[in-house]
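Note that numbering that gives the first Met the number 0 gives residue 32 to position 33 of the sequence shown, counting from 1, and the numbers run on in steps of one.
It is worth saying that the hints were derived from the structure and are not from the lab. Relax, there's no trap hidden among the hints.
FRET-style restraints, in silico, Cβ to Cβ:
| # | residue 1 | residue 2 | range |
| --- | --- | --- | --- |
| 1 | S37 | F14 | 27 to 37 Å |
| 2 | V271 | I221 | 41 to 51 Å |
| 3 | L18 | D118 | 46 to 56 Å |
| 4 | Y51 | R200 | 18 to 28 Å |
| 5 | N254 | P191 | 47 to 57 Å |
| 6 | M20 | E113 | 46 to 56 Å |
| 7 | E115 | E17 | 43 to 53 Å |
Even glycine gets a Cβ: it sits at the ideal position worked out from N, Cα and C.
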Amino acid sequence: MNQIKKEKREVKEAFIRELFMKYVMYWPLLLFLLILASTGSYVWLKYATPKYEATATILIKDEKKGADDSKLMESLNITETKKIIENEIEVLQSRTLIDKVVKSLHLYAPVYIEKEGRDISAYDNFPYRIEHSNPDSILNSERIYVKLYQKNDKVILNGDQIVLVNQWTNSKYGEIKFVPKYVSQAVSFQEPIYFLLKKPRVITREILENLNIKTLNKLSSILNIRYRDEVSQRAEIIVDKLIDMYNQTVKDDKNTLAENTLKFVDERLNAVSKDIDSIEKLVQSYKISSGSSDISSQGQLYLKNVSENDQELGRLNMQLGVLDQLQYSIQSNSSGGLMPATVGISDPNISKLMTDLSDKELEYERLKKTVAENNPMLSSLKDQINRIRP
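Go ahead and model the full structure; you've got the sequences and the hints to work with.
Shown next, in the form of structure tokens:
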């Protein structure tokens, strides 16, 4: 047994010795690669810009997922449009919405500090917010150096143009303004500071590359928003502003729907009021002409029948008016998702078709504001509308 162990140990030692002799001749190369890897790691850790991640979650009332509202609440909330979680993700990631965030936060004018051989973002430390009067006209600029004064009343651009703080100033870059903002620790006046003017769509593209929006799971209607940025405070502000802009978009859609609904209801009330006045005048004229103020019971029965016939005639006329409006609204294709109410129409098929068509058109109009015309979801909704409308 000891002899076998000794032979195994000798074989193992021989293998190690052979392996060592095989690669020992390459030790200069191995040492060089080790030094190169260590140096590269040190440089990368020293000069690489770290990125911070901000997260948030929002609840979407999806018609296919999550808990449904009760029928009573659904009937009361007539301005609530049906939502699909995939559509809301497209809206949140749309260039239109991100572009609004960029312009609202003035992200098209990032500020940097030249420090220790690299450029560091001065978003947290620069005491001014740089605004442009017309962001859509911005052209990508070279570095625009800024010199600050301790009095905080003016800055100098590229060493020759004096710009007063909090006032619009014409420059070769357009009309710009330096707006004071609170910073916990301002940059020193000796450090070279510069800012860039970038097209908003360039910043929009950069934000979309670092933005990730997805559901927590397949059955969930909760969206998880993640955004990565080299400045932690800016990452949080962008996520908050994105949610604010999304909520504002939803609110604007509800206000538009409510305004159109009230307008239609007022028009229908005026039309019905005119019909009722006309019917009452006809009844009054008939009573006067026939002397129905003092008639026999047979005459009263006849008058009752006439009144019922007038009411039925008025009801049929109202239905015809509603159908005429429905026909005009569908043929003109100008409803914008808001269809006339089918008040008085007893056919359930008409009501169901009009509800489906209205929902699809409202969803189409809402998505059209935030996504491109060739978006597959938009095309699918258009095909459904074209199948329902005939």
